[in-house]
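K.L.:
Just so you know, the sequences run in chain order U and Z.
Under our numbering, the letters of the first sequence match residues 1 to 283, in that order.
Under our numbering, the letters of the second sequence match residues 1 to 264, in that order.
Worth flagging that the hints you see were computed from the coordinates, not collected in a lab.
Please note that the accuracy of each hint is not assured.
Think about it this way: if two alpha-carbon atoms lie no more than 20 Å apart in a straight line, the pair counts; the simulated SDA-like pairs of lysine to any residue are [unchecked claim]:
(1) Z:44 <-> U:282
(2) U:47 <-> Z:124
(3) U:51 <-> Z:121
(4) U:47 <-> Z:118
(5) U:51 <-> Z:165
(6) U:80 <-> U:219
(7) Z:44 <-> U:192
(8) Z:44 <-> U:199
(9) Z:64 <-> Z:28
(10) Z:64 <-> U:277
(11) U:51 <-> Z:123
(12) Z:44 <-> U:198
(13) U:217 <-> U:77
(14) U:47 <-> U:59
(15) U:51 <-> Z:125
(16) Z:64 <-> U:278
(17) U:51 <-> Z:164
(18) U:51 <-> Z:33
(19) U:51 <-> Z:166
(20) Z:64 <-> Z:33
(21) U:51 <-> Z:168
(22) Z:44 <-> U:196
(23) U:47 <-> Z:125
(24) U:47 <-> Z:166
(25) U:47 <-> Z:165
(26) U:47 <-> Z:127
(27) U:51 <-> Z:122
(28) U:51 <-> Z:248
(29) U:47 <-> Z:161
(30) U:51 <-> Z:124
(31) Z:205 <-> Z:244
(32) U:217 <-> U:74
(33) Z:64 <-> Z:248
(34) Z:44 <-> U:202
(35) Z:44 <-> U:217
(36) Z:44 <-> U:194
(37) Z:44 <-> U:188
(38) Z:44 <-> U:200
(39) U:47 <-> Z:141
(40) U:47 <-> Z:164
Since we're looking at a predicted model, the values are computed, not measured.
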Amino acid sequence: MSEKTLATKPRSDVVVLRPSRGWTTLNLRDLWVYRELVYFLTWRDVKVRYKQTVLGALWAILQPLLNMIVLTVIFGNLAKMATDNIPRPIFTFTALLPWGLFSKALSDAGRSMLASRAMITKVYFPRLIIPLASVMGGVVDFVIQLGILLIMMVYFKITPTSAIWTLPFFLLLALITALGFGLWLSALNVLYRDVGYIIPFLTQTWLLVTPVGYSVKAIPAQWQLVYALNPMVGVVEGFRWALLGTQNPPWAVLAVSVLISLTLLISGMYYFRRMERTFADMV
Amino acid sequence: MNSPIASEFLGGGAARPARDGEAIRLVQASVRYRVPHERIGTFKEYLILWLQRKVKHHTFWALKDVSLEVRQGEAFGLIGQNGAGKSTLLKLVARVLRPTSGRVWVKGRVAPLLEIGAGFHPELTGRENVYLNGAMLGFTRQEMDARFDHIVDFAELWDFIDAPLRAYSSGMWARLGFAVAIDAEPQILIVDEILSVGDEAFQRKSLARIQGFQEQGVTILLVSHNMGVIESLCQRAAWLDHGRLQAIGEAREVIRAYRQSQPG
Ligand SMILES: Nc1ncnc2c1ncn2[C@@H]1O[C@H](COP(=O)(O)OP(=O)(O)OP(=O)(O)O)[C@@H](O)[C@H]1O
Ligand SMILES: [Mg+2]
Numbered sequence: 001m002s003e004k005t006l007a008t009k010p011r012s013d014v015v016v017l018r019p020s021r022g023w024t025t026l027n028l029r030d031l032w033v034y035r036e037l038v039y040f041l042t043w044r045d046v047k048v049r050y051k052q053t054v055l056g057a058l059w060a061i062l063q064p065l066l067n068m069i070v071l072t073v074i075f076g077n078l079a080k081m082a083t084d085n086i087p088r089p090i091f092t093f094t095a096l097l098p099w100g101l102f103s104k105a106l107s108d109a110g111r112s113m114l115a116s117r118a119m120i121t122k123v124y125f126p127r128l129i130i131p132l133a134s135v136m137g138g139v140v141d142f143v144i145q146l147g148i149l150l151i152m153m154v155y156f157k158i159t160p161t162s163a164i165w166t167l168p169f170f171l172l173l174a175l176i177t178a179l180g181f182g183l184w185l186s187a188l189n190v191l192y193r194d195v196g197y198i199i200p201f202l203t204q205t206w207l208l209v210t211p212v213g214y215s216v217k218a219i220p221a222q223w224q225l226v227y228a229l230n231p232m233v234g235v236v237e238g239f240r241w242a243l244l245g246t247q248n249p250p251w252a253v254l255a256v257s258v259l260i261s262l263t264l265l266i267s268g269m270y271y272f273r274r275m276e277r278t279f280a281d282m283v
Numbered sequence: 001m002n003s004p005i006a007s008e009f010l011g012g013g014a015a016r017p018a019r020d021g022e023a024i025r026l027v028q029a030s031v032r033y034r035v036p037h038e039r040i041g042t043f044k045e046y047l048i049l050w051l052q053r054k055v056k057h058h059t060f061w062a063l064k065d066v067s068l069e070v071r072q073g074e075a076f077g078l079i080g081q082n083g084a085g086k087s088t089l090l091k092l093v094a095r096v097l098r099p100t101s102g103r104v105w106v107k108g109r110v111a112p113l114l115e116i117g118a119g120f121h122p123e124l125t126g127r128e129n130v131y132l133n134g135a136m137l138g139f140t141r142q143e144m145d146a147r148f149d150h151i152v153d154f155a156e157l158w159d160f161i162d163a164p165l166r167a168y169s170s171g172m173w174a175r176l177g178f179a180v181a182i183d184a185e186p187q188i189l190i191v192d193e194i195l196s197v198g199d200e201a202f203q204r205k206s207l208a209r210i211q212g213f214q215e216q217g218v219t220i221l222l223v224s225h226n227m228g229v230i231e232s233l234c235q236r237a238a239w240l241d242h243g244r245l246q247a248i249g250e251a252r253e254v255i256r257a258y259r260q261s262q263p264g
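Excised from the complex, chain Z in its bound form (with noise of 0.2 Å):
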């Protein structure tokens, strides 16, 4: 806690930032999004509603109180059901979203794969795409040019790296999305529902190299509908219910928990 914007940014917290060995926490951070359909969306409306008074602010909470650690090079798991907050949860990590309240650190490097290929142009080619998405991860052309070969190898799109990408299919660019952002040397990997693209090879593939930045000690925090998956690669895992934790612990105990709970 040496530099003067740390301090800044830790003033008031009562909590402690992340201890050795921590790759992430979360201390009762909580986000709120405004509920779209009550959304102001013009001045009109803005100046009707104020000249009532009525400008509220219909509010609804993604997540609530959430409170977990993530040690480091541990494969962390995250449950729930839909719009239970896991996504929210990656986007806090991911450093898209802040916390309406709470704290939340994270040391290391993010990759951020929460949606791959996002940012990618359907008019630019394939070898365009990859350094415009670097440069967004935030390397440098010299670094991706260090890293081209490697990225089109994994994704085997050598045939189509010069063709526009409105010319791939879904799932081809789903490849190249990955293979970008799986090539960013994490310290950190964040995987949001992404192993169920690609054909089943290049799932066995993705899958692996997960395994393979499991050994390396990458930490990983993982999201699945897939509770094999779930089981198989995380040690520890937690599950959301509306935006609050209901349990977290051993990935098998949690799992059972959750299994339990749903009807059916």
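Here chain U stands alone, though its shape is the one from the complex (with noise of 0.2 Å):
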């Protein structure tokens, strides 16, 4: 007979429970005995939200479609800030693909731990599944999306670069980004619910100082590694790289990214953790 903290899973394993306090370890394996849990939640997101709505799944292309319109038009037509000769709806939709993803998760996983109380106060499972499975939602829609854009580009007949198979990679950078500040947007807004309207001004403040709407370019040279402190900088001039060439890699941008995002997840996850024995009763 062995004894573990973990899993209700293995039949006849011994579960402890004693006061917690201080940082508790993350415990990952308890996360992979319930991986079907993500993958269900995900489902159940997606399909809740494409069946209440009329529009359905036709919404994951309107919206970029719309902000596209709406970004071209302030940016282009209004403060005529250049793109790096490329079509500026193209440019445009490239980086709104993560930034949708991105916006997405940061309201839905600040949202998730508030919305899911019923289950949450009555059967034991790894609470981190709640965010992690509100940030994988966005991913139907980004697949989607990426479809819309590979059809616009071959409308505007671009081709797109060699390097569209690091594309993955930057997805993962948004993903990891992402379920970084969902992760502290969550467990805030368990303890301070004022953190669920600060999220939408937060993501529109956001958008502005993201080179969604213009290029990277336009931030003088002296604040460029300053700028990049925003992880979503590196997160869309990759995707812009990746697909449509156009500039050098941004290396120095992507590496400040990384170890940002990292360093979110990381500390969300040790956060989300240490909050998440006052979970049961503050939700």
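Using the hints, build the complex out of the two chains.
P.N.:
Written out as structure tokens, the structure reads:
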């Protein structure tokens, strides 16, 4: 007989519960045992979302298209900012792919814990799965949008660069960044309900300091590295580089982004785990 | 105690782990809640209180120093008034809550019947919800494939299984939840007041199923305000009052003591 503090799955393990103080371990094995739950919750979120709206999955296409039009007008016709010789709709839409994933993840993950109150107070499972699933929900939309982008590229006669194989890496980076922030926001939102109101404002402001509607070159050289502290800069520039070949690979910016994203993810996981014990009576 | 994690968890605790033949063991387990209206809900409130140096946590002990053991294969009853802490104790055993102090050992797979159908989504069909709930209990899709027919048979809901749950009556909803949870081959079954859902036939069927579990040697922890159910199912029982253990022992004795304490 072995004693485990982990999963309930192995049939005759002993689970020991004691008050938890300070920093807990991440307990990733438990997460692995419940991996199917990530799939089911993601699938549930997507399905319910598409079922409840009149236009359903069409929103996954309409939303970035409308965003694209607005940003094209603001930054093209009004501000007249350069796009590295790429047709502006393509230039903007490419950036909107990871941006949409990120902003949706922030708002969904932020709300996720409160929305899952019924489950959290009744059944044990690793709580990390809830924000994780709400971030993964955006991947379905992302795939649909990528299809639209490729069609648009055919229309504008733009061939993807040979660097397109690096795209999964940039998608992963976008997911890591989104999950890192999502974990922080979801845990904080349980403690302070204000967070839910801050998130829309946060994403709006964030969009302005991310090169979605404009090129990173619009930022003065001496500010470039400070600018890159926003990990979405590396993600967006990476997407443009991989798909459109806008410029030299943005290595320096990317290195900063990767570093910040990983820091966010790891700190977010620890913070979430630390707060986890209070969730059941706080949500 | 050969795993490093276990020893870390046990470190400093004076109490022993569960002995052989024990399924659940609580040692001076206490749970403290923050009283809701005293909770600091926003940054602003927190800031104001913090500036006034008034960040006090008004708290409330829902369970206080409760020690008890439940043996393997035993049916154990929990009784007490509303708000006595019975559901809180069950949540400890189901791992939903951690004790604020004290220790809890649980040996074996727990089926949490705290509130059945938790996590069901009204927009999804019965079939989809069964799989989702299964995943919540830690089952894979293949495992659920093997169980599915059995679950729906028990719930007797074949006609509605592909309808969205919002088309279910509350009794049907509860039946499906009960059927999923009861099918989880638990070693410890936690039952919180759920024998009152469903119509009479379904209640009888559920009771028979629980008795069947008992014969197979499943440990049962049962909360009910129906003393008849407790008396007929449980060998031993505990009486909780305002979070404290008032009496523990043979079910009939504990029930008598509890009844005598009640006015009227
Ligand atoms: N999340 C919570 N936050 C604050 N107080 C809580 C919380 N959950 C329960 N309580 C309080 O803890 C006490 C015990 O609650 P519990 O649900 O364990 O009672 P119970 O014995 O199951 O009662 P009942 O017979 O009505 O089901 C109650 O006074 C309740 O108000
Ligand atoms: Mg109760």
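K.L.:
Next step is simple, just say for each hint if it's right about the structure.
P.N.:
Each hint tested on the structure:
1. Z:44 <-> U:282: 18 Å, holds
2. U:47 <-> Z:124: 8 Å, holds
3. U:51 <-> Z:121: 12 Å, holds
4. U:47 <-> Z:118: Roughly 19 Å separates the two Cα atoms, so the pair holds.
5. U:51 <-> Z:165: 14 Å, holds
6. U:80 <-> U:219: Given that 20 Å is the threshold and the Cα spacing comes to 15 Å, the pair holds.
7. Z:44 <-> U:192: 10 Å, holds
8. Z:44 <-> U:199: Holds, because 17 Å separates the two Cα atoms, which is no more than 20 Å.
9. Z:64 <-> Z:28: Satisfied, since the Cα-Cα distance of roughly 7 Å is no more than 20 Å.
10. Z:64 <-> U:277: Measuring from Cα to Cα gives roughly 18 Å; hence the hint holds.
11. U:51 <-> Z:123: Satisfied, since the Cα-Cα distance of roughly 8 Å is no more than 20 Å.
12. Z:44 <-> U:198: Cα-Cα ~13 Å, so holds.
13. U:217 <-> U:77: 18 Å, holds
14. U:47 <-> U:59: The hint holds at about 13 Å.
15. U:51 <-> Z:125: Distance ~12 Å between residue 51 (chain U) and residue 125 (chain Z) Cα, so the pair holds.
16. Z:64 <-> U:278: Holds - the C-alpha atoms of residue 278 (chain U) and residue 64 (chain Z) are around 18 Å apart, at most 20 Å.
17. U:51 <-> Z:164: Holds. Residue 51 (chain U) to residue 164 (chain Z) sits at ~11 Å (cutoff 20 Å).
18. U:51 <-> Z:33: 38 Å, violated
19. U:51 <-> Z:166: 13 Å, holds
20. Z:64 <-> Z:33: 11 Å, holds
21. U:51 <-> Z:168: With a Cα-Cα distance of about 18 Å, the restraint between residue 51 (chain U) and residue 168 (chain Z) holds, given a limit of 20 Å.
22. Z:44 <-> U:196: 14 Å, holds
23. U:47 <-> Z:125: This hinted pair holds, its Cα atoms lying about 11 Å apart.
24. U:47 <-> Z:166: 15 Å, holds
25. U:47 <-> Z:165: 14 Å, holds
26. U:47 <-> Z:127: Roughly 14 Å between the alpha carbons, so the hint for residue 47 (chain U) and residue 127 (chain Z) holds.
27. U:51 <-> Z:122: 12 Å, holds
28. U:51 <-> Z:248: Given pair residue 51 (chain U), residue 248 (chain Z) is violated - Cα atoms ~52 Å apart, limit 20 Å.
29. U:47 <-> Z:161: 17 Å, holds
30. U:51 <-> Z:124: At roughly 9 Å apart (the allowed maximum being 20 Å), residue 124 (chain Z) and residue 51 (chain U) satisfy the hint.
31. Z:205 <-> Z:244: 34 Å, violated
32. U:217 <-> U:74: Given that 20 Å is the threshold and the Cα spacing comes to 17 Å, the pair holds.
33. Z:64 <-> Z:248: 15 Å, holds
34. Z:44 <-> U:202: Holds: residue 44 (chain Z) and residue 202 (chain U) sit about 18 Å apart, inside 20 Å.
35. Z:44 <-> U:217: Violated. Residue 44 (chain Z) to residue 217 (chain U) sits at ~40 Å, over the 20 Å cutoff.
36. Z:44 <-> U:194: With Cα atoms ~9 Å apart, residue 44 (chain Z) and residue 194 (chain U) stay inside 20 Å; holds.
37. Z:44 <-> U:188: 14 Å, holds
38. Z:44 <-> U:200: 19 Å, holds
39. U:47 <-> Z:141: Roughly 18 Å separates the two Cα atoms, so the pair holds.
40. U:47 <-> Z:164: 12 Å, holds
Violation of the numbered hints given earlier is confined to hints 18, 28, 31 and 35; the remaining hints are satisfied by the structure.
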